[in-house]
Amino acid sequence: MSSYDVSAVRSGFPILQHEVHGKPLVYLDNAATSQKPEAVLEVSRHYYERLNSNIHRGTHHLAQEATAAHENARELIARHLNASSAEEIIFTSGATDGINLISSTLGYSGKISPGDVIAISNLEHHSNTVPWQMLCDRSGAVLEVIPVTEEGAIDPVDFDHLLEKTSGRLKVLALTHISNAFGTILPLAQMIESAHRAGALVVVDGAQAVPHLSVDVQKLDADFYVFSGHKVYAPTGIGVLYGKHSLLEELPPWRGGGEMIRKVSYDGTTFNDLPYKFEAGTPNIEGAIALAAALNFLNELGLQNVSNHENAMIRRAADALTSIRGLILYGPSDRSGSLSFNIDGIHHYDLGTLVDKMGIAVRTGHHCCQPLMTRFGITGTLRASFGCFNNEEDVDRLAEAVEKGVEMLR
Amino acid sequence: MSSYDVSAVRSGFPILQHEVHGKPLVYLDNAATSQKPEAVLEVSRHYYERLNSNIHRGTHHLAQEATAAHENARELIARHLNASSAEEIIFTSGATDGINLISSTLGYSGKISPGDVIAISNLEHHSNTVPWQMLCDRSGAVLEVIPVTEEGAIDPVDFDHLLEKTSGRLKVLALTHISNAFGTILPLAQMIESAHRAGALVVVDGAQAVPHLSVDVQKLDADFYVFSGHKVYAPTGIGVLYGKHSLLEELPPWRGGGEMIRKVSYDGTTFNDLPYKFEAGTPNIEGAIALAAALNFLNELGLQNVSNHENAMIRRAADALTSIRGLILYGPSDRSGSLSFNIDGIHHYDLGTLVDKMGIAVRTGHHCCQPLMTRFGITGTLRASFGCFNNEEDVDRLAEAVEKGVEMLR
Amino acid sequence: MLIVSLKLWKKEWKCCADTPQYSHVLLPLKMTINERQEQLLKDLSLFQDWTERYEYVISLGRQLNEMPPESKTEDKLIEGCQSQVWLEAYFEDGGVHYRADSDSQITKGMIALFIHFLDGESPENILTADFAFIEKTGLKEHLAPTRANALNLMAIQMKQRALDFTGAPD
Amino acid sequence: MLIVSLKLWKKEWKCCADTPQYSHVLLPLKMTINERQEQLLKDLSLFQDWTERYEYVISLGRQLNEMPPESKTEDKLIEGCQSQVWLEAYFEDGGVHYRADSDSQITKGMIALFIHFLDGESPENILTADFAFIEKTGLKEHLAPTRANALNLMAIQMKQRALDFTGAPD
Ligand SMILES: Cc1ncc(COP(=O)(O)O)c(C=O)c1O
Ligand SMILES: Cc1ncc(COP(=O)(O)O)c(C=O)c1O
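Residue numbers (this note's numbering), protein chains in the order written: chain A, 1 to 410; chain B, 1 to 410; chain C, 1 to 170; chain D, 1 to 170.
Extracted from the complex, chain A is given alone in its bound form (with noise of 0.2 Å):
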């Protein structure tokens, strides 16, 4: 941590030198989405500023330029998540467009037979849920769940228990890399092993993931691999959706139009090569572009630094609540990116509403994780979540408020 100099990172961010209610912004919603460091703004700045172009088949000067940064822009992420090309990056519009790429394209494969099985685990997001309820639904596949424990965690013993009760027939496993609700880290490459010895296929929802981990795609050998740039420090409306490529090869195309074709005629249309099959018309250029340098951001500060900041910051914040009566934790102790919380008899709302009045933005709710409120018997929690510019003074604030928010509302 000596070597992180938090101070710097935080210049870096134009929204923190402003106020919020009269008071300097301590933003720990970053599981939401994610604040902008300068260095991306700048490269989203300088793409319209000398090169914006639309890519691909364009002759000219700038549609070449363009097609450059975006093409080289895949292949940063590429090696960022170690693929093993960069034909195995697909650009989408986010990870829940991702996730739906894949459910849909499943749909349409014909791989999906009634009363085959697809798996999540109670801690998936929305996004990783009702994607495969629809599949289910189109499909007459069943959708199974497997368990939490009490810990916000998931108990081997339960994962086998499922893989046995499915035998055969599970063909879908889709998991969280990181919970979003709790911070809970999934023990992926054993269950992703078991998954694949059942014969089935694993999407992986990163969202919470890539802006914490160092990611490998192949180390992990994870099917699919979706995340978001926003919540990465890029801007909203892009996401990566990685795919081993003889998978990707097998699915159909989901969206048609441009750029997605070989050869358009009435008798009949052939579709492009990987990644352009399954990425119809014009992109979200400046996206992509503003996403690697995003990755690059966060190479630069170094991502192991990165994570061991925030997860000081994390415990930190932990035990700073501790002194509040009632205080009840959710999740494992070794949580990355969030803490969540409840005061005992106090409304997560109300606590939030206050919170947020002394400039602290937290979350409230949810956290578009209804299944899992429910499994805990809650409507919701407050959730901190951290990035790389979060300070020991944002922590100590955040557990000021909070002592002050239940002091009013009690």
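Mixed in with the good hints there might be a few duds.
Below, a sample of chain B positions facing chain D; criterion: calculated Cβ distance under 8 Å [as the list claims (entries may be wrong)]:
1) S3
2) H347
3) Y349
4) D350
5) L354
6) R375
7) T379
8) M408
9) L409
Subject to a maximum C-alpha distance of 27 Å in a straight line, what follows is the list of computed BS3-like cross-link-like pairs (lysine-lysine) [claimed, not checked]:
10) A:K263 to D:K76
11) B:K263 to C:K72
12) B:K111 to B:K23
No lab work stands behind these hints: they were computed from the structure.
All figures in this text were calculated on a predicted structure; none of them were measured in a lab.
Cβ atoms here follow ideal geometry from the backbone N, Cα and C, with glycine treated the same way.
Once you've looked at the hints, dock chains B, C and D with the ligands against the given chain A.
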């Protein structure tokens, strides 16, 4: 035109202040993507510097501000298109995404049966062709194509003939408002009326119309209308689908995930109201806000002023080019936005390459309209496409460059 | 530019009403709805900062009776809120009375405000009541905007319920 | 930053080769591939501006024979180009010879460059030829990047065709 100060307009576009190949940029590729005015770039930046936060369900101050800005953008867009309510405005990632949303959900709805007819025109962009081919493939419906005349327009007689031939079976008519390849404006109001009388739904691809025309979806009586932000001075990665409220209500959701749900449980998930039902996941918040700013920008110039000016530039270009031996102009003389041409005996790619070397960005190729090119027995054209900032010098430099290029190639 | 306005989108925010027994404890019943609104404006202007305003609102909520659990039925639940809100109305002694509850104290306090304005009034008075005061209180600035918008929607819900009793004998 | 590089994505650009009869008209056959490349570098450095460079490339194309229409068959067509390119190779007199054509004059000129380097060489020489010169010519800067990349791909296509003749008797 006297009231239209094009040099003031130009000064609002940062990219025009830079050189390409050592010469001031002449950007005549607006139909592929538009350049972005400072007014829009500033709004994007302001969003990230002051407001950025994930929207809806957030209690905290930034979340509220961002939500307000996003929903105001929706209302502004609704007013711009004269939609009857903001609930009819669905944010998408672009025109292609919007068309696929409609074609896919129509597919899932069960409204399209084997033998039903989906009709498009021969002028359509691949993005308004391939999704319908895919829907036909999946549903057993048949794709019919309204032919185009030698002039590149639609003969009402041909359309009537198609209506007769497909009587009782026509379910969907998908038409471009303005042809991106030839600049043809379609007589939509009459065609929509006839299609409705025949019992069909009408989907309008407004990608090329929104930058040049004042669109009134209620007056047109379009059932669905899509466009892309990036072609109308807004960033990449954002688009709009307008749909009549009752029709959007009838369609099932497409992407599943956060935002589009009311309540998620493993026993059954219920979906949100319009427009959220069709907006799964974190939207392109900045894109939506910047798109509204771009429409504001256009409205401040006055859409009528802009199109008068552009039309004058297009006529000037057509006149200047006619002195070149072997010129072939495509499309009718009252074309909008784009001027497409070839020079007899010269490959469009060669001429485009040379013209680009002279600092003129035009597009060469099939413009994502291969079936239209096939109809004319060509592999492509050169297309100069105009925006609010193009001036007489742009036109003159284009004509000069084309002449010089032709000389080199003859 | 277009960015900063508090006007929020309607649908997302069908939020957050709750009501107790009618409790003209705080404001004399004989005042008109308008007079009571004026009174509130005066009260609020006395507060120094947002903490006091919130504490006032929370205290209003505390003074209201809880709804018995068995009354908190599904049909009274207002969906789509961060907090749960149950609202019911009944007609008695020539006026509309409300009962409501919420698991959120702030929400409960806010609905208490409305109860003070509306409780016991005729359906006609309630339906024609002018809630322009919501804009004037400055509460919107001092409440989170979702809350502020929730005020509007609470008003709508309460008028909605009053509709059932129009034409009732007083 | 990461933005400005000419390195283009492979798949989109599987572009644009065309070849005529073998025509050692321009460069003496006895030179090695490398020597011919050096020669080209010298030639190109003589030009004042891009116009002359392009005119040079176009003129190279003009000096090549057209392929007869009946030879322009589907199997020789290289897909995915803005221009159409037909390429074939045959083995004669101990060397690989190419025939190609294109509807684009600039493309045709570019493939003429390659023909001059490769025509008549042994498969082994062609397969091991170092095309680093593509980077050195400055042609990349003076050709549109799609074209520049097309140069790479043309080279690959020509090596591909030469593969068929490895081990052939010379
Ligand atoms: C007429 C028309 N329709 C659809 C599209 C597709 O738009 P986008 O690529 O932004 O999705 C375009 C743009 O290329 C177009 O010109
Ligand atoms: C774990 C997880 N999955 C998926 C998503 C959905 O991401 P997006 O809304 O960017 O599509 C989120 C973000 O809310 C998330 O936290």
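To see whether the hints hold, each was checked on the structure:
1. S3: violated, 39 Å
2. H347: holds, 4 Å
3. Y349: Check passed: Cβ of B:Y349 comes within 4 Å of chain D, closer than 8 Å.
4. D350: With Cβ-Cβ at 5 Å, under 8 Å, it holds.
5. L354: Given a least distance of 7 Å, the restraint on B:L354 holds.
6. R375: violated, 18 Å
7. T379: holds, 7 Å
8. M408: holds, 6 Å
9. L409: holds, 6 Å
10. A:K263 to D:K76: holds, 17 Å
11. B:K263 to C:K72: holds, 19 Å
12. B:K111 to B:K23: violated, 55 Å
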